[in-house]
Amino acid sequence: EVPRPHEYADRLPAVLAVIYLVFNEGYLASGRSGQRRELAREGVELARQLAALLPREPEAAGLAALLELHHARAAARFDSWGRIVLLEQQDRRLWDRAAIGQAAVRLRDAVRQGRPGPYQLQAGIAALHALAASSEATDWADVRALYDRLSALDPSPVVLLNRAVATRFAVGPAPALAEVDALGDRLADYHLWHAARADLLATLDRTAEALAAAERALELAANPAERELMSRRVGELRRRR
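In the working numbering, each number is its position in the sequence shown, counted from 1, plus 2.
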């Protein structure tokens, strides 16, 4: 059943969430999983269609921009063996600059409506990454500031974990580790919490603790590509001991 125009506002959050879920089902697939990657493209197209249908709903445009920015990096996210390539290690020459520019314009127009929301803020964070010439050139202070605004709307522990990652680059690894550790009660069974701890502990030369955290992340990871990534990380840390 197609909703009537006056019903759009009530139904929009659920529709946006479903589209984001569709996109992530494909986006998180391994590099060789072509059929599932098609879901990511479908998610982008659905978000674009919804944004066109609802031009006065900035969150619809925010989601479309967010998915366009993520999908613009698709060619660089996996190597030729289907292994994950982390953002800071990706070959940015493979990113779709035309799609990034289109998403940036879409996001700018959404923000001008003056009704910020979580998808617009997430798109803003993604844009800061996408428009930077390198990981080192990323404006991490702005990334962290946007996470502050996002956490005011969505104070979930995962948002706060991502903020802590930004703290690492904006401030330093020690304060970032303090932020990560403060989330332990809520994220003890989340593999990316342990992965973040492993990276921070390794940066601080606390190799034995980093290895234990990486091994726990490997135990908890369900996605095959993420398991392979954590297996590599465990191997690196074992060689450092």
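Among the clues, some could well be false.
To be verified - Across the chosen pairs, the derived CB separations fall in these ranges:
1) Ser-233 - Gly-186: 19 to 25 Å
2) Gly-186 - Arg-99: 36 to 42 Å
3) Arg-13 - Asp-207: 34 to 40 Å
4) Glu-27 - Leu-55: 34 to 40 Å
In short, the hints are calculated from the structure, not lab data. For each residue, glycine too, the CB sits at the ideal point set by N, CA and C.
Hint numbers contradicted by this structure: Going through the list in order, the structure violates hints 3 and 4 and respects the others.
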